[in-house]
Amino acid sequence: MKKICFYFQVHQPYRLRTYRFFDIGKKHDYFDDYANRKILVKVAEKCYLPTNQLLLELIEKHQGKFKICFSITGTLLDQIESYYPEVLKSFQRLAATGCVEFLAETYSHSLSALRPEHEFEHQVHLHHKKIKELFGQDPTIFRDTELIYSDLIGERVFRMGYKGILTEGAKHVLGWKSPNYLYYNTIEPKMKLLLKNFRLSDDIAFRFSQKTWGDWPLTTEKYVHWLNQIGGQDEIVNLFMDYETFGEHQWAETGIFDFMRALPDRIFSNSNFEFVTPSEAVEKLQPVAGMSTPFPISWADEERDLTAWLGNDLQDDAFAALYALKPLIDKCKDPQILKDWLYLQTSDHFYYMCTKFFSDGDVHMYFNHYSSPYEAYINYMNVLADFSIRLEKSVHLSPELPAAERPKAEAKLKKKVAAKKAASSKPAAKKNPAKKTSVKKAPAKKTAPKKSVKKKVAKKVAGKTVPKLK
Amino acid sequence: MRVLMFGWEFPPHISGGLGTACFGLTKGMAYHNMDVVFVVPKAFGDEDQRAVRIVSADQQTINIRDQSFQDYWKHLTYLEVSSGLVPYVSPEEYRRLTDSTEHDYTDIKESVFAETFNFTGSYGPDLFKEVSRYALVATKIAKEHWHDVIHAHDWLTFPAGVAAKMTSGKPLFVHVHATEFDRSGEHINQQVYEIERMGMEYADRVIAVSNRTRDVIIERYGIAPEKVVTLHNAVIMGITQRERYQNPLDEKIVTFLGRITFQKGPEYFVEAAKKVLDVDKNVRFVMAGSGDMWQRMVELVAHRRIGNKFHFAGFLNGPEVKKMFDMSSVYVMPSVSEPFGISPLEAMQSNVPVIISRQSGVSEVLNHAIKVDFWDIDAMADAIYALLHYQGISKMFARMGHEEVENLKWDNVAFKLRGIYQSVTNA
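In order, the protein sequences belong to chains A and B. Following my numbering, the numbering of the first sequence begins with 10 at its first residue and continues without gaps. Following my numbering, the numbering of the second sequence begins with 104 at its first residue and continues without gaps.
Bear in mind the hints are in silico, worked out from the structure with no lab data behind them. Among these hints, one or two may not hold up.
As the list claims (entries may be wrong) - Think about it this way: if two alpha-carbon atoms lie no more than 20 Å apart in a straight line, the pair counts; the simulated SDA-like pairs of lysine to any residue are: (1) K426(B) to F31(A); (2) K35(A) to Y348(B); (3) K384(B) to P336(A); (4) K355(B) to F31(A); (5) K36(A) to D353(B); (6) K355(B) to S432(B); (7) K384(B) to L334(A); (8) K231(A) to G264(A); (9) K11(A) to Q295(A); (10) K402(A) to K384(B); (11) K35(A) to N385(B); (12) K199(A) to E292(A); (13) K35(A) to A391(B); (14) K293(A) to T149(A); (15) K378(B) to L403(B); (16) K74(A) to Q62(A); (17) K365(A) to E402(B); (18) K378(B) to D322(A); (19) K402(A) to L352(B); (20) K36(A) to P351(B); (21) K138(A) to R102(A); (22) K186(A) to D243(A); (23) K519(B) to A530(B); (24) K402(A) to N385(B); (25) K498(B) to D353(B); (26) K35(A) to L419(B).
Unchecked claim - Incomplete in silico selection of chain A near chain B, CB under 10 Å: (27) A327; (28) P382; (29) Y389; (30) L393.
All C-beta atoms, glycine included, are put in the ideal place defined by N, C-alpha and C.
All chains should be modelled from the sequences, with the hints used to inform the complete structure.
Rendered as structure tokens:
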């Protein structure tokens with residue numbers, strides 16, 4: 010039987026408020042709590058709650074035959090915990106069915122996989138813990154932010170103990186090959202790759218309500234017909250999409266919920282497909298070939314590359330300035346600072362600075378609350394300036410300070426932290442110890458010397474096109 | 104003596120130095136008992152408050168009924184002309200602006216001359232039409248308001264000044280705060296240039312804000328040297344000594360404040376910032392203002408990878424400007440071409456040492472400022488570093504500069520101006 014694998018990305022960033030130059034050194038609240046809550050509540054009511062309910066009904070109806078998988082970012086989990094706990098409960102109900110798999114990823118939907126620092130491993134660890142804590146699952150499959158993947162990232166993820174990784178079936182990487190098979194990482198052949206079938210995925214995610222599309226309206230008959238048309242030897246169709254497709258990108262009025270409700274039945278009755286989760290797919294299928302990916306790919310835009318987040322001067326400057334703070338972060342113990350550090354790494358901040366307005370501008374504008382990438386950059390850099398000042402102070406206030414000054418400074422710091430703890434909601438306080446312990450652990454991990462050799466080779470190959478890949 | 108004066112901006116709605124200069128000048132004239140009928144185009148309909156309120160030196164809004172201002176107001180008749188004139192834009196820019204903005208309001212009731220001229224309220228997207236329309240209104244004003252002399256500020260009002268002169272036959276003084284060469288470099292707009300030259304030729308005296316500008320007028324516009332006089336600007340004295348705003352940051356701040364346009368040389372500031380940051384991380388740079396080169400400057404800052412130490416504060420209003428100066432340790436005005444440039448004087452009032460380009464008119468009147476060529480980013484970086492690190496010079500500059508500026512009074516300027524008027528009226 011052929012396999013079909015549904016994966017949904019669930020993510021919301023912590024958006025920044027308008028943070029002016031005059032705020033630097035004075036105000037340390039960076040995030041637009043009002044907008045973040047408002048957007049979360051809206052998306053929860055239009056998408057998360059009704060779709061979760063629908064999927065739960067489908068799972069119950071098909072008694073274990075209908076399966077899905079989620080990748081939920083830490084920033085979204087934090088938001089639903091503090092703004093809308095009901096959503097968390099509904100995800101937990103899905104987790105309890107045993108037909109829903111949760112994937113590992115970076116805690117804050119960050120681009121840390123593109124950096125050589127241990128921040129990547131650290132964040133994956135944080136996220137893994139969070140998933141275990143909330144859903145009682147130990148993820149075995151990994152998905153990086155926006156399906157970003159390269160040979161090196163695959164290898165790093167393998168070292169952390171994951172068996173498989175999801176990525177885009179990018180044409181320029183696959184060439185004549187079909188995405189409808191299991192592949193493996195060319196550095197670590199034990200690392201399995203599941204590739205997104207972007208045509209069939211985007212038929213649902215992007216084209217479903219497009220009336221100018223020749224195949225509109227999309228019905229389950231049509232869709233299952235297309236599924237049946239894939240190559241005779243093909244083994245798996247990976248349908249990867251934003252969870253917000255349901256009810257938010259495609260409104261309920263477009264019929265997206267009815268489509269989803271009818272799809273499993275139609276697949277069972279009219280095709281030779283069964284549903285699997287990524288870990289089952291990796292278990293059941295044999296990889297057919299390696300997929301060599303020297304340059305990072307993603308699922309974004311026509312190019313399927315990183316240029317939505319990195320590459321222009323604004324993005325590269327902000328990105329470099331952010332990760333230049335990493336050595337200080339390793340010494341920092343202030344839980345509030347460490348939390349802001351996570352949220353500031355969210356890839357969306359760099360997405361807002363993207364200047365490719367012409368080809369994919371529509372999608373970019375949809376997700377963007379800044380009126381220009383320049384404003385996004387200025388705002389982010391102002392926040393980062395204040396953040397670095399706080400970070401430096403917090404690090405320099407700890408042990409090294411002369412004994413005479415220390416008690417004063419510490420008392421001040423404690424007061425501040427205490428005030429902030431009291432102000433922030435309960436879940437925030439709960440999470441903090443988890444982060445602290447993992448900070449200590451991160452530097453202990455050692456990378457094999459082999460890796461750095463390979464890195465250099467890859468760097469050379471990468472040449473000028475991907476200067477950020479280190 | 105009664106002066107009919109045409110301007111195009113007046114506080115609080117100012118986009119550049121001209122509004123401030125007009126305010127200071129008219130204040131000084133009031134001090135010397137000259138009456139002024141001040142005419143300004145009313146651009147976007149949100150200036151209603153201007154007729155009843157006026158802004159003080161540090162741009163805090165105060166009621167004109169306040170004792171100190173009554174005297175001034177007594178000497179000033181303030182007229183607004185309904186018009187789409189927008190200061191500081193090129194004709195090309197103006198077309199772009201008016202294409203996109205809400206320009207269709209009908210606001211004729213409030214306009215002084217609406218009844219007679221019955222403007223439609225929806226203005227054509229042509230800056231030159233607006234300029235001629237303003238001139239048309241001027242003839243009417245010249246008839247209705249008796250005056251001894253006519254005074255027009257910059258090219259947008261020159262046709263109005265000329266029209267008024269045609270009507271009343273009184274002497275015309277055109278005041279040149281900036282020429283087309285300052286605004287556009289060598290790529291001048293020929294139409295604007297023609298209007299400027301026409302105004303200067305019709306004028307009985309051409310008043311230049313600096314010797315630099317006087318030279319340009321003589322050389323580039325072919326005006327007879329004996330007809331062109333220099334009248335340096337001054338600075339409005341602080342009315343109230345407010346508490347100094349403390350810089351909350353550990354780093355010292357170096358500031359650029361002005362329109363982010365070719366004329367102001369913003370890129371030299373960025374490049375100098377890069378040079379300073381290469382050797383001293385403990386400093387922050389701020390570029391405040393807006394303009395057509397803003398995006399390019401943001402990109403340049405990012406390209407030089409100094410975004411974490413270089414901030415864009417956007418356009419600042421009066422109190423924010425004061426705040427910005429209070430926070431600053433050095434003020435830089437790297438203008439490529441600056442006929443005068445009042446902002447360094449304001450910085451010096453706030454005890455901030457300044458670096459100004461030799462290509463600015465203000466460098467003719469200042470001694471206690473570091474002067475560099477706008478293109479010499481090494482010298483600029485050097486000067487910034489020195490003022491940040493060598494207490495001796497920065498303290499001296501702050502103190503002496505403050506004194507120097509205190510002596511640049513609009514009262515004195517107005518006194519000289521009366522002399523210029525009289526050289527024609529008494530001749």
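Do the hints match the structure? See the list:
{"no.": "1", "hint": "K426(B) to F31(A)", "in the structure": "holds, 9 Å"}
{"no.": "2", "hint": "K35(A) to Y348(B)", "in the structure": "holds, 13 Å"}
{"no.": "3", "hint": "K384(B) to P336(A)", "in the structure": "holds, 17 Å"}
{"no.": "4", "hint": "K355(B) to F31(A)", "in the structure": "holds, 14 Å"}
{"no.": "5", "hint": "K36(A) to D353(B)", "in the structure": "holds, 15 Å"}
{"no.": "6", "hint": "K355(B) to S432(B)", "in the structure": "holds, 6 Å"}
{"no.": "7", "hint": "K384(B) to L334(A)", "in the structure": "holds, 14 Å"}
{"no.": "8", "hint": "K231(A) to G264(A)", "in the structure": "holds, 15 Å"}
{"no.": "9", "hint": "K11(A) to Q295(A)", "in the structure": "holds, 13 Å"}
{"no.": "10", "hint": "K402(A) to K384(B)", "in the structure": "holds, 16 Å"}
{"no.": "11", "hint": "K35(A) to N385(B)", "in the structure": "holds, 18 Å"}
{"no.": "12", "hint": "K199(A) to E292(A)", "in the structure": "holds, 12 Å"}
{"no.": "13", "hint": "K35(A) to A391(B)", "in the structure": "holds, 19 Å"}
{"no.": "14", "hint": "K293(A) to T149(A)", "in the structure": "holds, 14 Å"}
{"no.": "15", "hint": "K378(B) to L403(B)", "in the structure": "holds, 14 Å"}
{"no.": "16", "hint": "K74(A) to Q62(A)", "in the structure": "holds, 17 Å"}
{"no.": "17", "hint": "K365(A) to E402(B)", "in the structure": "holds, 14 Å"}
{"no.": "18", "hint": "K378(B) to D322(A)", "in the structure": "holds, 18 Å"}
{"no.": "19", "hint": "K402(A) to L352(B)", "in the structure": "holds, 12 Å"}
{"no.": "20", "hint": "K36(A) to P351(B)", "in the structure": "holds, 10 Å"}
{"no.": "21", "hint": "K138(A) to R102(A)", "in the structure": "holds, 19 Å"}
{"no.": "22", "hint": "K186(A) to D243(A)", "in the structure": "holds, 11 Å"}
{"no.": "23", "hint": "K519(B) to A530(B)", "in the structure": "holds, 16 Å"}
{"no.": "24", "hint": "K402(A) to N385(B)", "in the structure": "holds, 14 Å"}
{"no.": "25", "hint": "K498(B) to D353(B)", "in the structure": "holds, 19 Å"}
{"no.": "26", "hint": "K35(A) to L419(B)", "in the structure": "holds, 19 Å"}
{"no.": "27", "hint": "A327", "in the structure": "holds, 6 Å"}
{"no.": "28", "hint": "P382", "in the structure": "holds, 9 Å"}
{"no.": "29", "hint": "Y389", "in the structure": "holds, 9 Å"}
{"no.": "30", "hint": "L393", "in the structure": "holds, 6 Å"}
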